[in-house]
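Q: Sequence:
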Amino acid sequence: MSRCIGDKSLKQYRHFGTDTWIPIDDCIIPDPEIKELLLTKQHKFLVIASDGLWATVTNEAVARRLDTLTEEEDPAEELQKLIDRREDNITIVVVDLRVQA
Numbered sequence: 001m002s003r004c005i006g007d008k009s010l011k012q013y014r015h016f017g018t019d020t021w022i023p024i025d026d027c028i029i030p031d032p033e034i035k036e037l038l039l040t041k042q043h044k045f046l047v048i049a050s051d052g053l054w055a056t057v058t059n060e061a062v063a064r065r066l067d068t069l070t071e072e073e074d075p076a077e078e079l080q081k082l083i084d085r086r087e088d089n090i091t092i093v094v095v096d097l098r099v100q101a
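Every letter in the sequence shown is one number past the one before it in full-length UniProt numbering, and letter 33, counting from 1, is 33.
By construction, these hints were calculated from the structure, which means they are not laboratory data. For clarity, every value in this text was computed on a predicted model and none was experimentally measured. Certain hints may be false.
As the list claims (entries may be wrong) - Across the chosen pairs, the derived CB separations fall in these ranges: (1) E71 - E33: 28 to 36 Å; (2) L69 - T40: 16 to 24 Å; (3) E71 - T91: 35 to 43 Å.
Using N, Cα and C, we set each Cβ at its ideal position, and we do this for glycine too.
Hey, can you work out the whole structure from these sequences and the hints?
A: Now the structure itself:
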């Protein structure tokens, strides 16, 4: 999840002795990391979030908080409360896998 794919300021540059800096590598790449997982009834939520969440909160802490939600509580809002005192921007998407279609 990134808002900066293709952002020139996030590329790595090399100076070749001239006034020109040449981009050599992208710090942010557009290639997604894809993982497949067979879902079971044990899987309750899918959390997709930016580093604003994952850099400060462990997977276990997220799972514990989601496991204690009441019907009235919004999962994404509750996860945001775990890090409200942080300065980083955050994006959180929570899919409730317990919902019957």
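Q: Using the Cβ atoms, figure out if E71 sits within 28 to 36 Å of E33.
A: For E71 and E33 the Cβ distance comes to about 33 Å; the hint holds.
Q: Starting from the hint 35 to 43 Å, judge whether the C-beta atoms of E71 and T91 obey it.
A: Violated: the Cβ-Cβ distance is about 24 Å, outside 35 to 43 Å.
Q: Does the hinted range 16 to 24 Å hold for L69 and T40 at CB?
A: Since L69 and T40 have Cβ atoms about 20 Å apart, the given range 16 to 24 Å holds.
The structure does not agree with numbered hint 3 stated previously, though it agrees with all others.
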